[in-house]
Amino acid sequence: MKTILFFCLCIMYPCIGIHAADSTICITENRQAYYLNTGGWSIYETTSPLSPSDVIERYKQNAFKPARVPVLNGGIARQHYWIHFSLTQCSGSHAESMVIDIQSPRLNELELFEMKGDSLQSLGKLGDLISFKQRSSLHKNFQYHVTLPAGSRRDYFLFVNQVGHTLLLPVVISKKDYFDKTVTRGYLSDGITYGLLLFVAIFSFLFFMNTRHQLYLYYTLYILSSIVWFLSYFGLGFEFIWPNFPAFNTISAPLFASLNLFLNIQISQVLLNLKHSYHRIYRAGNVAKFVLLLAALLPAFVNLDECSYAVNSLYLHCFLAVIMCSTLIVFTALLLALLKGAIAARYYFVASILKICSIFNLALLELGITPGMYFTEAFLQIGILVEIILLTYAIAKRYTSYRLKTYQKVIRAQEKERDNIAREIHDGISSSLTAVRYSLLSLSRNKQLQPDALQHELSRLGDNIGQIQTEARNISHNLMPAYIKDHSLNRVIELYIADLQQKTAQNGDAGIEILFDFNETEARFSEAVKLSIFRIVQEIMINAVKHARASSVLLEFSYRKNELTIVAEDNGIGIGAAALKEINGIGLRNIKSRVSLLNGYFIITAAYRKDTASGQGTRITIRIPLSEKMNSEEWDY
Numbered sequence: 012m013k014t015i016l017f018f019c020l021c022i023m024y025p026c027i028g029i030h031a032a033d034s035t036i037c038i039t040e041n042r043q044a045y046y047l048n049t050g051g052w053s054i055y056e057t058t059s060p061l062s063p064s065d066v067i068e069r070y071k072q073n074a075f076k077p078a079r080v081p082v083l084n085g086g087i088a089r090q091h092y093w094i095h096f097s098l099t100q101c102s103g104s105h106a107e108s109m110v111i112d113i114q115s116p117r118l119n120e121l122e123l124f125e126m127k128g129d130s131l132q133s134l135g136k137l138g139d140l141i142s143f144k145q146r147s148s149l150h151k152n153f154q155y156h157v158t159l160p161a162g163s164r165r166d167y168f169l170f171v172n173q174v175g176h177t178l179l180l181p182v183v184i185s186k187k188d189y190f191d192k193t194v195t196r197g198y199l200s201d202g203i204t205y206g207l208l209l210f211v212a213i214f215s216f217l218f219f220m221n222t223r224h225q226l227y228l229y230y231t232l233y234i235l236s237s238i239v240w241f242l243s244y245f246g247l248g249f250e251f252i253w254p255n256f257p258a259f260n261t262i263s264a265p266l267f268a269s270l271n272l273f274l275n276i277q278i279s280q281v282l283l284n285l286k287h288s289y290h291r292i293y294r295a296g297n298v299a300k301f302v303l304l305l306a307a308l309l310p311a312f313v314n315l316d317e318c319s320y321a322v323n324s325l326y327l328h329c330f331l332a333v334i335m336c337s338t339l340i341v342f343t344a345l346l347l348a349l350l351k352g353a354i355a356a357r358y359y360f361v362a363s364i365l366k367i368c369s370i371f372n373l374a375l376l377e378l379g380i381t382p383g384m385y386f387t388e389a390f391l392q393i394g395i396l397v398e399i400i401l402l403t404y405a406i407a408k409r410y411t412s413y414r415l416k417t418y419q420k421v422i423r424a425q426e427k428e429r430d431n432i433a434r435e436i437h438d439g440i441s442s443s444l445t446a447v448r449y450s451l452l453s454l455s456r457n458k459q460l461q462p463d464a465l466q467h468e469l470s471r472l473g474d475n476i477g478q479i480q481t482e483a484r485n486i487s488h489n490l491m492p493a494y495i496k497d498h499s500l501n502r503v504i505e506l507y508i509a510d511l512q513q514k515t516a517q518n519g520d521a522g523i524e525i526l527f528d529f530n531e532t533e534a535r536f537s538e539a540v541k542l543s544i545f546r547i548v549q550e551i552m553i554n555a556v557k558h559a560r561a562s563s564v565l566l567e568f569s570y571r572k573n574e575l576t577i578v579a580e581d582n583g584i585g586i587g588a589a590a591l592k593e594i595n596g597i598g599l600r601n602i603k604s605r606v607s608l609l610n611g612y613f614i615i616t617a618a619y620r621k622d623t624a625s626g627q628g629t630r631i632t633i634r635i636p637l638s639e640k641m642n643s644e645e646w647d648y
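Our numbering applies: residue 12 is where the sequence shown begins, and numbers increase by one.
Hint data in this document are derived by calculation from the structure and do not stem from the laboratory.
Values in this document were obtained by computation on a predicted structure and should not be read as measured data.
One thing to keep in mind: the hints can contain errors.
[What the hints assert, rightly or not] Beta-carbon label-pair distances, calculated as ranges:
1. Lys557 - Asp463: 41 to 47 Å
2. Ser288 - Leu415: 32 to 38 Å
3. Ser163 - Val397: 44 to 50 Å
4. Leu472 - Lys514: 24 to 30 Å
5. His558 - Val298: 36 to 42 Å
6. His287 - Ser569: 31 to 37 Å
7. Val397 - Asp528: 52 to 58 Å
8. Leu472 - Ile422: 39 to 45 Å
9. Ser569 - Phe371: 47 to 53 Å
10. Ser441 - Asn610: 38 to 44 Å
11. Ile422 - Ala389: 48 to 54 Å
Cβ atoms here follow ideal geometry from the backbone N, Cα and C, with glycine treated the same way.
Full structure from sequences and hints, please.
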């Protein structure tokens with residue numbers, strides 16, 4: 012009996028050597044997909060290339076160690092990996108077509124071998140370093156198709172070369188029909204996710220076109236960079252956008268991730284007004300943006316695929332450190348703004364918490380510190396959708412607040428105009444009428460006044476009343492010149508300029524020289540819009556005469572298909588650098604508010620001129636969109 016038992020053990024020894032390291036995955040009728048769970052596969056790491064026979068020899072010697080995690084996370088890989096797993100067709104009724112799906116779209120080189128007796132047969136070599144169209148299965152991940160005969164067992168060895176790059180290796184083994192359905196659902200989910208993000212980007216761009224505020228342009232680019240970053244990180248970019256450029260696929264993820272964080276910092280700087288509120292954080296953000304640009308452009312000039320592990324490891328560690336620091340800068344700025352009571356920071360802060368958690372988790376995942384997991388793409392897609400929803404709401408609230416403040420500024424400007432009118436009436440007309448009244452009372456009481464003296468007094472009172480009429484006419488003319496309703500905008504401006512030149516030429520002065528130039532095409536405006544543009548020009552001229560003390564002004568109206576461009580340049584005393592950055596004057600604020608209500612764009616710059624003592628005047632550029640709404644009678648400001 013002992014001899015028989017010993018003989019059986021000797022026969023079974025080779026089999027024990029081959030299958031001792033791990034257990035098999037049993038394929039049944041009811042289950043559609045299988046994951047490489049703990050104990051279901053084994054790993055061997057090596058720094059030198061191995062032949063198939065060497066791999067079998069190592070496996071027989073139990074050099075393969077059982078995997079203790081469901082998903083291999085090698086961090087920044089130092090060595091080559093050989094992975095063993097086996098499949099057994101347990102249903103026993105028919106052959107089963109299976110798909111071995113390596114759900115990692117960014118692998119430099121991998122090759123699957125199937126054991127045939129004592130040798131390994133290659134099922135194909137795949138990887139990011141070859142053109143996408145050369146893959147046997149045109150999918151963002153890497154797949155191998157195998158067939159399991161009824162009741163059979165197959166051993167597979169997967170070779171992975173990811174030295175110098177991050178290695179995350181989730182493997183799913185699915186039945187062919189189920190895999191096809193999963194791929195369809197995956198593409199549908201991707202389409203919905205990125206379609207929603209693209210819709211929000213278009214929505215934000217329309218905000219930019221409407222307000223000409225750079226914040227909405229930055230937000231549009233931020234969403235687009237998020238889309239392209241996800242497409243590159245999860246392989247869809249290589250599949251659909253740049254399939255013939257494997258080299259670009261290596262640098263695309265860090266490139267778009269850097270641009271995304273760059274725009275994130277830029278948005279926080281503009282939205283929270285960091286330049287004036289938190290200058291140190293603003294400067295730290297500028298440094299982070301500069302380093303992010305360096306990190307984005309470095310792979311374009313240095314081929315990291317040909318560099319050593321040390322160079323790649325140093326770059327990845329520095330890159331991830333910059334990413335995390337940039338996220339912390341945005342988070343700190345938001346926290347300080349939130350503590351200060353900034354309303355715009357509330358929803359942005361919640362969105363940034365999701366962002367910082369995702370970024371830190373992804374960085375730790377890339378470094379191999381946190382364990383790998385399945386469905387990473389789905390979790391990150393949900394995170395970016397929630398972040399964009401919250402951030403969009405925050406920016407929409409800011410847009411509403413921006414419009415409200417603009418209306419309030421115009422109302423304040425109108426109230427200021429009313430105060431000025433009241434003061435002019437009180438100090439001028441009212442005082443003059445009081446003087447006339449007392450003169451008339453004096454005449455009525457003086458019964459001894461001679462007819463010649465009486466005639467003289469009445470003549471003087473008539474002149475005073477005439478001056479009062481002239482003053483009343485001037486006030487009325489400033490409020491609403493009669494020629495506005497009867498003429499086109501160009502003619503209204505010409506008449507106003509002629510009137511202004513006549514007023515400034517009193518007392519023997521030459522007056523101000525105003526050159527008005529416009530192209531022949533002219534758009535039709537409603538009375539409200541025409542009056543608003545007239546007020547803008549009026550404010551510009553008043554500033555040029557009273558404050559800039561200019562002797563000449565060049566005013567240009569340029570009508571294009573969808574835009575009116577107004578350029579005013581004077582030879583006055585100019586405007587300082589500090590004033591260029593922050594508009595403090597009431598007149599300039601009125602101009603900006605009126606332009607904002609017309610959905611226009613306003614900028615004031617120094618105009619360098621040789622005919623001024625200071626060498627520079629002031630140049631104002633205004634762009635007003637010509638839309639049906641603003642030209643209708645229902646337009647309300």
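Now the hints, each set against the structure:
1. Lys557 - Asp463: 41 to 47 Å: 45 Å, holds
2. Ser288 - Leu415: 32 to 38 Å: 21 Å, violated
3. Ser163 - Val397: 44 to 50 Å: 46 Å, holds
4. Leu472 - Lys514: 24 to 30 Å: Between Leu472 and Lys514, where Cβ atoms are some 26 Å apart, the hint holds.
5. His558 - Val298: 36 to 42 Å: Holds, at about 39 Å.
6. His287 - Ser569: 31 to 37 Å: 34 Å, holds
7. Val397 - Asp528: 52 to 58 Å: 53 Å, holds
8. Leu472 - Ile422: 39 to 45 Å: 41 Å, holds
9. Ser569 - Phe371: 47 to 53 Å: 51 Å, holds
10. Ser441 - Asn610: 38 to 44 Å: 40 Å, holds
11. Ile422 - Ala389: 48 to 54 Å: At roughly 50 Å between Cβ atoms, Ala389 and Ile422 fall inside 48 to 54 Å, so the hint holds.
Checked against the numbered hints given earlier, this structure breaks only hint 2.
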